[in-house]
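The whole structure should be built from the sequences, with the hints applied where relevant.
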Amino acid sequence: MDFDLEELVNVEQTFYEEGYKDGFAHGQIHGMIEGRALGREKGFEMWEELGFYEGFAMMWKAVGESQAAQDERAMNHIRHLLDLLAQFPRANPSAGGPSEVDIPKLFRQIRSRYKLLCATLGVRATLRVADGSAAAPESASTESPDAAAREGEKPHGAKKNVWAVHTAGDALASTELNF
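For the sequence shown, this note's numbering begins at 1 and goes up steadily by one.
It is worth saying that the hints were derived from the structure and are not from the lab.
No false leads were mixed into what you were given.
For lysine-lysine, the following PhoX-like pairs were computed, each having C-alpha atoms within a straight-line distance of at most 20 Å:
hint, residue 1, residue 2
1, Lys115, Lys105
2, Lys61, Lys115
3, Lys105, Lys42
Across the chosen pairs, the derived CB separations fall in these ranges:
hint, residue 1, residue 2, range
4, Gly31, Asn10, 28 to 38 Å
5, Trp47, Ser112, 15 to 25 Å
6, His26, Asp102, 27 to 37 Å
7, Gln70, Arg40, 38 to 48 Å
8, Ala62, Phe24, 53 to 63 Å
9, Ser112, Gly31, 26 to 36 Å
10, Gly64, Gln87, 15 to 25 Å
11, Lys42, Ala62, 29 to 39 Å
Just so you know, even glycine gets a beta-carbon here, dropped at the ideal spot from N, CA and C.
In structure tokens, the structure reads:
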């Protein structure tokens, strides 16, 4: 009978190592699943914000082009904002190797250019959820009574506005996101 006494002495270590290997493999699988889900969620949030900026810039560009007297500073900020938005990668840069694009830096530049454009236009630079959810509890109290009545008339399941743009004269509570 070949009996290894050393194995009996290290039985706890053996079980620990086996459990560690199983846990590590299990953690890799679930970590990848959670990472993908979180990446999708954060990616959607980023693209939603970028889409807001692009729509805002395109709308003010159309307004500026339709007016006889164009504000050159505003049009310059619009062009720069649209150029920055065009530089943002449309595909995952990490899939093809190292990327030269510094996404957080580019995002800060886009937000800064958006704020400059809003200041030039005299529009309050806010980016907040406009659905009156728990994230924005004071939004209903700052609206006019007519707007609150229209909000109450929406049928269940109707699409709500995602982003609200407020003029500089609107007084809102601290439910806005500051960038």
